Amino acid sequence: MILASLIMNTQGKPRLTKFYEHLSVERQQEVLRAVYSVLSSRADNLCSFVESDDIFGPDTKLVYKHFATLYFVFVIDNAESELGILDLIQVFVETLDRCFKNVCELDIVHNFNKVHTILDEIVMGGQVVETSSAEVMKAVQDIWKLERVGDLNPANVKGIGHYRNSRS
Amino acid sequence: MESWATDIVKKAFKQGSQGTVDQLKTIGRELAMGSQGSSKDFLDLVKAIGEAKSKAEEERIVLAEIELLKKRIMEPDVPRKKMKEYIIRLVYVEMLGHDASFGYIYAVKMTHDDNLLCKKSGYLATTLFLNEDHDLIILIVNTIQKDLKSDNYLVVSAALTAVCKLINEETIPAVLPQVIDLLGHPKEHVRKKAVMALHRFYQRSPSSVSHLLTKFRQILCDKDPSVMSAALCALFDLVSSDVKAFKNLTASFVSILKQVAEHRLPKAYDYHRTPAPFVQIKILKILALLGAGDRHTSENMYSVLLEVLKRCEPGKGEPATNISNAILYECICTITAIVASPKLLGMAAEITSRFLKSDNHNYKYMGIDALGRVIQINPDFAEQHQLAVIDCLEDQDDTLKRKTLDLLYKMTKSTNVEVIVDHMISYMRTLSDAHNKTEIASRIVELAERFAPSNQWFIQTMNQVFELAGDLVPAKVAHDLMRLLAKGAGEDDEEADSLLRSSAVESYLQLLGEPKLPSILLQVVCWVLGEFGTAGGTHSADDIIGKLCDVAEAHPGDTVVKGYAITAITKICAFEIAAGRQVQLLPECRSFMDDLLASHSTDLQQRAYELQVFLGLGPDIVQKVLHVNGSGEEIEIDTDLPFLQEFVDSSLANGARPYVHENERFEMSSGMSSFVSTSRTQQEPSHALRFEAYETPTVHTPSASSSAPPSLLPDFQEKKPESPRSLRNQLAADNSQVDLLGPEITRLRLDGVQKKWGRPSAPSQPPPVTTSNFDQEIERSGNGGSGVSERASSNRESTPAVHVYTEKKKAQPEIPAEKQRLAASLFGGSSGKRDANGVKGSKPAPNRPAAGNSKEKIPSTAQAPAPAPLMDLMDMGGGDLFSAPVAKASYDPFKELEGLLDGPSTAASTSTPAAPQKSSSIDFMSLYDSTPVVSHNTVPSTNDHDFLSLGLTSSSGIEPMNRPEAGLLDLNEFPANSPLAGLAGLEQSSSSSSTSLPERKGPSLQDSLQKDATTRQVGVTPTGANPALFQDLFG
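These protein sequences, in sequence, are chains R and B.
Sequential numbering of the first sequence, starting at 1, is according to the UniProt record's numbering.
Sequential numbering of the second sequence, starting at 1, is according to the UniProt record's numbering.
I should point out that these hints are in silico values taken from the structure, not numbers from a laboratory.
Check the hints yourself; a few may be wrong.
To be verified - Cut-off 30 Å, straight-line C-alpha distance, at most; resulting in silico cross-link-like pairs (BS3-like, lysine-lysine):
1. B:K40 x R:K145
2. B:K244 x B:K267
3. B:K55 x R:K65
4. B:K187 x R:K138
Quick caveat, the model's predicted, so the values are computed rather than measured.
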């Protein structure tokens, strides 16, 4: 299963952290630091897998991708396919890009609850539920449509409008 | 091989990171967007944190934010929009590592909100904040229940997402019915999530959903492929826990995989033109489980695997996509896991080669992994790819390097061990983190122990490991190395051994030139120099002693190393004296010794005193005390102390009270008010450490005014503290706790004893704190050849031995027969040989005892000073080493000693019932005649000659220490003729007292008497390989 999904920037600041097994806040920070120190020490052309048994226990791996200022990291155990997860990250980022139109770090910082929603559609309880970017988009779109109905704040309507425009 | 999307994304990211201007623009855009959850405050917070110059500044900002939120959030009537924003900010704050627990309750409250937006935020926050055992969960279960029944499918799926994180074992039943209902929900989106939730329940508590296992099978047939694929996740877990139960699903899985591979699913499931790759991967994983070791099941998969492989092959001229490679790799895993056809194996090998040849590091990594799988079926396959493997090994990528070393580790044979270990060592040089270093060090040690081509190489390799990994290496490895040196390669080739030793000495002397060495290596160095430093004759004693002093000086804080050093010096001095040369201590050594004489560590002090004593002794005595090169010798111990029979008999004849076993003593005296000490006996049986203050000795009220032989008993009792410990056995001290405890025992004992002997009828009680150690120490220190005095010292000797031994024993199941054979051929000592001798011959160091030898005695480990962590003392008390009867027999020799001592002292009142004695004696005797070998052998004999000789030293009337002397010469009055036997006998009398009782089982009496006679001659039972061992002692 997937033990955690993390997004952090190249300075080591967490941008999104989701642990599928509960860790205390202190432990989370420890883990983030350890992951960052591993990732930051790796050059770009190296392989995308890092064995992380010293961080997450035996038979765990970090599968990561480096985009501009961000690392997307999935922590997996033996039951997941490394290359598959690599593509899952791709799906995740593609979806983000579709949602935010030319996604950048700041989009993720400011909308991290949205990003959580997207991630929840892809990974649930540590298992991959959806791997199609289009399907995820559809689900997220539904949620946001409803949210718009439930929330009459004009700014929000505008936000969704912006997103809708970007889709069309 | 990046997809178009990646390029777009990357471009976008680059744009975003071009500079602050861009960032500000983006923020402007954000503001214009007014995206949900963010207000100006939040944006300001993020911006402020982003611009923080230092960690401290960031901290300050976040703390201020927390204060602000605390205040705001508690205000009455916060509009829910605002509240939602606060919650989002809390999540953010906690993500940065700050405690936001004050707001958890508000997040929980928010899940009750009717507004979906708020509800979702509430669920998001609670799933991030709380774990499933949090107290607040109970408040949320009701909401979840309600939401699961909602008409709005978005509410339902939000609740299902929360269920995955928040529901624990106890609350599963509360939501389970609703979740099961949702399996029939019209929306596939919801069904999918319900399946996931059920899977999560299964992970949390398999029993809670055990009645639903058939449900998962049904879901597999769901008309929507995404729901089916969700079920695969659950089924994968189910299959891995019980393969047999799901064998009948093989056909279903195969047909699903076939349909998927043949593009029968809607186009929407394609990913980069590969049909539903994640479904394929999951099914392949499941098939690997189902087909493992099952030819019939495997055969059903052949065609579909071929199909999948064929479909994944890239077309001409186009590169394989990442995801199709993922499937190919998964195919290899499946093919190597099941009973595969040669054709499939051939294809797997071919794909593996392609991966290995790839330029992409990810594929290389997968290739190395696949190679590791393929060679388990076809070991020859590795050869074709040697070069590729070497390339990966020399790659700069750490992950790849580690993976390759993993592979090599699996491939190691005795022919290539040197090369592979070389690579591992050079890799270890580059490591800095303890975890990986420990791991690789343990692998090197394992390989070296398994495949070492020569002892020389082994020693050098170990030295490197110690040097690089230092104290990360388990102490056991060092002890094995020392034992190897002590034992030599074989029993016959003395020359090769001494060559080995002198080469070790040379390499260590060289090593000492290095600036920084880990403590454990220094211990080995000290030991080796002390033991063999002067043996070759190439180095003078002064040289070595000087080096040893340097070592000790360079590590003023390391008492263990100091202890090793001073003991090594003692040994060298003793060797010199024994050789008849005058020893003139170097001034630096003298001052070192003086330092230690005043050391705070009683252990070091003791060692220093011993050195001092040795310096004052004549050559003939020292020679007897310390044998040159005596480290490899072994001593058999007879725990029954039969040679004391005579003494016991005569005591009994003189009206001494017969020995009564502790338990019986308690039983029979529970009614006797006069037997005051029973109350204490009662407290003792657990032998746990007690932490209350020592009781006043007045507890030992005499029950009957008795006339103990005053000259006899006090004398030998007091010998205990005053006698010096043997030299070598002191090496064992590693754990400072033990270091402290050892001498402590001695001292405390002294006090208690003196008081006790004033009132002789009470069984002597060791002071409570030391009881457990002392008992156990006696329990396993062989009693045979040594005087009472060795007890205190032998505990450090024996315990390590036992400790090492247990480890070995535990390790046994892991050692394949092949490994043992190899190790045996490598290091000369074969278990068979030992068996044949009926003695434990020298045990070759790195290889472990054969399973059949588990009852064999441990070789004397005086030369292998394993450290004795205090805990191990206790472990041994647990007695997983001792067979039951032995454990019983040796249960508490100390108490038995008490009993014996009681006897004479209460000579006037010898009306002790006979029955208890008898039963106790039966314990011993049955042990003795039914399992003599066991009783001899299971008790680790750790007494070396040193013990014996020390006994001699003391009994010869030489004042061994400047401690209270209490009539050493009185020993001559001892009933046994030989002073040695007298001395040694004291110890033995403790446990053999039972054997000396008049009521005795017939045949065993003869046996024991015979043994007794032999023992008396030599002080120990010479069942060892060389009965002439003690000749030099007795002329």
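Hints not upheld, ascending by number: Per hint list: single violation, 2.
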